[in-house]
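Quick note, the sequences are listed as chains H and F, same order.
Note that the numbering used here numbers the first sequence so that position 167 is 167, with each residue one more than the last.
Note that the numbering used here numbers the second sequence so that position 39 is 39, with each residue one more than the last.
Rather than coming from a laboratory, the hints here were simulated on the basis of the structure.
A hint or two may mislead.
What the hints assert, rightly or not - Here's a subset of chain H near chain F, in silico, CB distances under 10 Å, partners left out: (1) LEU109; (2) VAL130; (3) PRO138; (4) PRO158; (5) THR161; (6) VAL174; (7) VAL176; (8) PRO177; (9) GLU191; (10) SER197; (11) ILE198; (12) VAL227; (13) ALA239.
Claimed, not checked - Over the 12 Å line for every Cβ pair with chain H, so calculated as not near, a few chain F residues: (14) ILE29; (15) TRP42; (16) TYR63; (17) LEU66; (18) ASN74; (19) VAL109.
Think of the CB as a built atom: it goes at the ideal place given N, C-alpha and C, for glycine as much as any other residue.
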Amino acid sequence: MSTDALPPYLRAERGPLHGILRALGWILLLVFAAFMVFPFVWMVLTSLKTQQEIFAAPGNLLPGALDFDAYVRIWSELPFARLFLNSIVFAGGATALSVFFDSLAAYALARLDFPGKTLAFYLVLATLMVPYQITLIPLFQTVFDLHWLNTYQGLIVPRATSAFGIFMLRQFFVTVPRELDAAARLDGAGEFRIYWSIMLPLARPALATLGVFLFMNNWNDFLWPLVITSSTEMRTLPAGLALFSGQFVIEHAVLMAGATLSLLPLAIAFLFAQRYFVQGIATTGIK
Amino acid sequence: MAISATAGRWRRGNSRAGLMFLLPSLLIILVFVVYPIVQSLWMSLNDWSMFQVVHRFLGLANYVELLHDRRFWNALANTVVFTVVTVPVQIAIGLLLAIRLMRSSWWTVFLRSVFFFPVISSFATMAIVWRFLLSADVGPTAAWMRSLGIAPIDALHTPNLALPAIILVSLWKNVGFTMVILLAALQDVPESLNEAAVLDGAGAWGRFIHVTLPSLRQALLFASVIAVIVSLQVFDQVYVMTRGGPLFRTETLVTYMYEQGFAEYRSGYAAAIAWVLFILIMLLSVLQLRIFRYRDVD
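Let the sequences and hints guide you as you build the complete structure.
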C-alpha cells in the first residue's frame with residue numbers, strides 16, 4: 001500500500017520501524033482471526049470424520065476421507081428432526097407474534113391518545129431494567145399452573161411480546177410525519193388501515209431488524225427451553241444437543257453434525273442480512 | 001361545527017383504538033413479566049417449595065440464610081471474578097480490533113464478519129464444541145501438547161484452570177459485540193479532530209488518549225454496562241462445559257439459582273438469589289455511570 005493512501009497528517013510519522021510493526025500487527029490480527037474461526041472449522045471437519053479417526057488421531061484437523069455418515073445417522077440416533085421442528089416452531093412463532101404485537105403497541109404509544117398511555121410507556125421501560133432471571137422461577141410456576149409445561153404455547157406465549165421491541169418501534173413511529181396519517185384519516189381510513197397499509201410498509205427495515213434479532217435470540221436460547229421443557233420430544237436444538245452431549249452413547253461426529261446443522265439457518269441468514277444482525281445487536285446489546 | 005364533531009368522534013375512536021392496539025402486549029407483559037416480578041419478591045420472603053401448596057412467611061430469613069451460605073458466597077465470588085476479568089479484557093480487545101478495522105476495505109469488512117460471527121451463534125451449542133476442543137482424551141489441544149512432549153492439561157477438570165477456560169471461551173463469544181459497538185462510534189469521530197491534534201504536535205499515542213478515547217466515552221460506557229450485565233448473568237457456557245465444577249470452582253449466581261430452583265425445588269431461596277443478582281446489576285451499572293461521568297471534562 002502506498003503512502004498516498006493515508007491522510008496527509010499521518011505521512012510524516014513513517015519511520016524505519018513502521019513497516020515491521022505494521023507487519024507484526026497484521027500477523028497478530030490474522031492469528032486472532034484464525035482463533036475465532038477455529039471452533040467452527042473444527043466442528044464442520046470433525047462432523048466429516050469417522051469415530052475411529054477421532055479417537056486415533058485427535059490432533060488431525062482434516063478428515064482422512066470425507067465421510068457424510070454422521071449427517072445420515074443423526075436423524076435416527078437423535079430425534080433430530082423433532083428438535084429442529086421445535087426450534088422452528090418456537091423461534092418462528094415467538095418472533096412472528098412478538099413483531100406483530102410489538103408493532104401494534106408501538107403504534108398506539110407513538111401515534112394515538114388514550115388514558116394511561118404515559119403509565120403504559122413507563123411500565124414497558126421499567127420491565128427492560130429487570131433481568132429475566134428474576135421472573136424465571138415464578139414463570140415456571142405460572143406455566144406449570146396453566147398445564148403448559150412441555151407445550152409450544154408454554155414456550156411461545158410468554159415470549160410473544162418484547163419490551164425492547166415495543167420501545168424500538170415506538171422510537172421509529174414517532175419520527176413518521178403526521179401528515180401521512182392525517183391525510184388517510186380525512187379519507188375515512190380506520191386506525192388499523194392506517195397502521196397496516198401506511199405505517200408497517202414504512203417500518204419494514206425496523207421490523208426486519210427486530211425480527212432477525214428476536215429470531216436469533218429465541219433460536220439460540222438455552223435457559224428458557226431448558227426450564228419449560230423436560231421431555232426429549234419438546235426440547236429445542238441448543239437444549240436438546242447439550243443434554244445429549246452429556247451422554248456417552250453419542251458419537252462425536254454425530255454431535256458435531258448436529259451442531260453444524262443447528263448453526264446453518266442463522267449462518268445463511270447472516271450471509272445475506274448481516275446488516276440487520278449488527279443493527280439489532282448493536283442497539284440492544286443483549287447476547 | 002361539523003369539523004369539531006368529527007374531531008371529537010375521532011378522539012373517542014382514537015382512545016378506544018389505542019387501548020385495543022396496546023392490549024395484546026400489555027396483557028402478556030402484565031401476566032408474564034410484571035406479575036412474576038411481584039411474585040418473585042413475595043416468594044423470596046417465604047419458605048416456598050415448588051409443587052407445594054402451603055408456604056410459610058419468613059420475612060427476610062432467606063436473605064439471612066444467604067449470608068451464612070458458603071456455597072452462595074463462593075458463587076458470588078466466582079461471578080464477580082469472572083466479570084472483573086472478562087469485561088476489561090473484552091473492552092480492550094474490542095477497542096483494538098475496532099481501531100485496526102476502522103477503515104473500510106474488502107478485507108477489513110471480511111475480518112469484521114469473522115470477529116462478529118461467534119456473537120450470532122448459540123453459546124450452548126458452541127460450548128459443546130469448546131468442551132470437545134479442550135477435552136484431554138479426544139481434544140485437539142491435548143493432542144498437540146502431547147506431540148510437543150508436554151503433558152496435556154485437562155483444564156475443565158482442573159480446579160484452578162476451569163474458570164480461566166470459561167473466561168477464555170466467553171471472550172471468544174463476546175469480543176465481536178464490543179468491537180461492533182465501538183466501530184460504529186469510531187466512524188462518527190470527525191477526521192478534523194485528529195488533524196487538529198496533529199497540528200498541535202500530538203503523536204499516535206497522544207491522539208489516542210486525547211481524541212479517540214474521549215470521543216468514544218458514550219460508546220465505551222454502553223459497551224461496558226452491557227458487558228457487565230451479560231457477564232453477571234453467565235449461565236449457558238458454565239452449564240454445558242462444567243456444570244459448576246470441579247469442586248464448585250465455576251459455580252455462578254445463575255447456575256446456583258438454577259440448582260436451588262430446579263434441582264432442590266427451593267423456589268423462595270432461588271428467588272432471593274435472583275434478587276441479589278438484580279441488586280448487583282443495579283449497583284455496578286450506577287458505579288459505571290459514575291466512573292464515566294467523573295472523566296467528563298467538557
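Tell me the numbers of any earlier hints that the structure contravenes, in ascending order.
Numbers 6, 7, 8, 10, 11, 14, 15, 19, in rising order.
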